[in-house]
Amino acid sequence: MKRSILAYGHHILKQKCNDIEKDYPELDKLIADMWETMENANGCGLASPQIGLPVRLFIVDSKSTFDNLGEEERKFYFPQDDKGIMETFINAKIIQRSEELWEDEEGCLSIPNLFYKVKRNWAITIEYYNRNFKKQIRTFSGTTARMIQHEYDHTEGVLYLDYLKPLTKRLMASKLQKILKGQIVPTYPMNFIR
Numbered sequence: 001m002k003r004s005i006l007a008y009g010h011h012i013l014k015q016k017c018n019d020i021e022k023d024y025p026e027l028d029k030l031i032a033d034m035w036e037t038m039e040n041a042n043g044c045g046l047a048s049p050q051i052g053l054p055v056r057l058f059i060v061d062s063k064s065t066f067d068n069l070g071e072e073e074r075k076f077y078f079p080q081d082d083k084g085i086m087e088t089f090i091n092a093k094i095i096q097r098s099e100e101l102w103e104d105e106e107g108c109l110s111i112p113n114l115f116y117k118v119k120r121n122w123a124i125t126i127e128y129y130n131r132n133f134k135k136q137i138r139t140f141s142g143t144t145a146r147m148i149q150h151e152y153d154h155t156e157g158v159l160y161l162d163y164l165k166p167l168t169k170r171l172m173a174s175k176l177q178k179i180l181k182g183q184i185v186p187t188y189p190m191n192f193i194r
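Using the UniProt record's numbering, the letters of the sequence shown map in sequence onto residues 1 to 194.
Some hints could be false.
[What the hints assert, rightly or not] Listed next, the in silico DSBU-like pairs over lysine-lysine satisfying Cα-Cα at most 35 Å (straight line):
1) 175 / 63
2) 119 / 83
3) 63 / 135
4) 75 / 181
5) 134 / 2
6) 75 / 165
7) 119 / 75
8) 29 / 16
9) 165 / 134
10) 75 / 169
[Unchecked claim] Taking CB as the label site, the calculated pair distances span:
11) 85 / 163: 20 to 28 Å
12) 135 / 71: 32 to 40 Å
13) 170 / 139: 17 to 25 Å
14) 25 / 173: 21 to 29 Å
15) 18 / 164: 23 to 31 Å
16) 125 / 22: 35 to 43 Å
17) 173 / 81: 41 to 49 Å
No lab work stands behind these hints: they were computed from the structure. Just so it is clear, the structure is predicted and the values come from calculations on it, not from any experiment. Virtual Cβ for every residue (Gly too), placed ideally from N, Cα, C.
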């Protein structure tokens, strides 16, 4: 079932999320709904607070990005032997970050039509439970690591806007106001604060 995505300005998007238990009600359905919602919005990731649930759950699809890139772009955005992932992350915790940083453009389904460059760690090691609630500890790099960090931040109550310089935020203030007022027309269902 497709769910509405909360627009920028909703208080849940700035809230630190809670861990969830294996017996969380209808967890499989929630995960399936999140995948359907993300795909309907043409996204590459979605965190549960974006659909109004302040729990530590997010999904990432870097495989579709990999599949849509040319050979040279793949070499830049993905390390060798990395073809992207389609993964569910439950109760994730980043336990290590590389010193190497890189900057690339990011967007967010909760902040439609706005894209800005954000510095992120090139590689991370993350501990989490997958959709079968099996514990994982994995290291990711490049675009996959960027997507994971973006969605992980949602579970920490952090938006990519929080990394931008004050001047950049001032320059985009009118566009953010349009989102707050519901004056944009996204191609997917959204809940706006009015």
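Evaluated hints:
Between residue 175 and residue 63 the CA atoms are separated by roughly 30 Å; this keeps the pair inside 35 Å, and the hint holds. Of the pairs offered as hints, the one joining residue 119 and residue 83 holds, with about 22 Å between alpha carbons and a cut-off of 35 Å not exceeded. Distance hint between residue 63 and residue 135 is fulfilled; the C-alpha atoms sit about 22 Å from each other, no more than 35 Å. The straight-line distance between the Cα atoms of residue 75 and residue 181 is roughly 41 Å, outside the 35 Å bound, and the hint therefore fails.
In summary, the hint linking residue 134 to residue 2 is supported, as the alpha carbons are separated by about 26 Å, within the 35 Å threshold. About 29 Å separates the Cα atoms of residue 75 and residue 165, which keeps this hinted pair within 35 Å; it holds. At roughly 19 Å between alpha-carbon atoms, residue 119 and residue 75 fall within 35 Å of each other, so this suggested pair holds. For the proposed pair residue 29 and residue 16, the alpha carbon gap of about 23 Å is at most 35 Å, so the pair holds.
For the hint pairing residue 165 with residue 134, the CA-to-CA distance comes to about 39 Å; that exceeds 35 Å, so the pair is violated. Taking the CA atoms of residue 75 and residue 169, the gap is near 32 Å; set against the 35 Å cutoff, the hint holds. Look at residue 85 against residue 163: about 23 Å separates their beta carbons, and that is inside 20 to 28 Å. A beta carbon spacing of about 35 Å between residue 135 and residue 71 agrees with the range 32 to 40 Å that was offered as a hint.
Evaluation of the 17 to 25 Å hint for residue 170 and residue 139 yields a failure: the beta carbon distance comes to about 37 Å. Evaluation of the 21 to 29 Å hint for residue 25 and residue 173 yields a failure: the beta carbon distance comes to about 40 Å. At about 27 Å, the beta-carbon gap between residue 18 and residue 164 stays in the expected band of 23 to 31 Å. At roughly 23 Å, the beta carbons of residue 125 and residue 22 sit outside the given window of 35 to 43 Å.
Checked against the hint of 41 to 49 Å, the pair residue 173 and residue 81 passes, with Cβ atoms roughly 43 Å apart.
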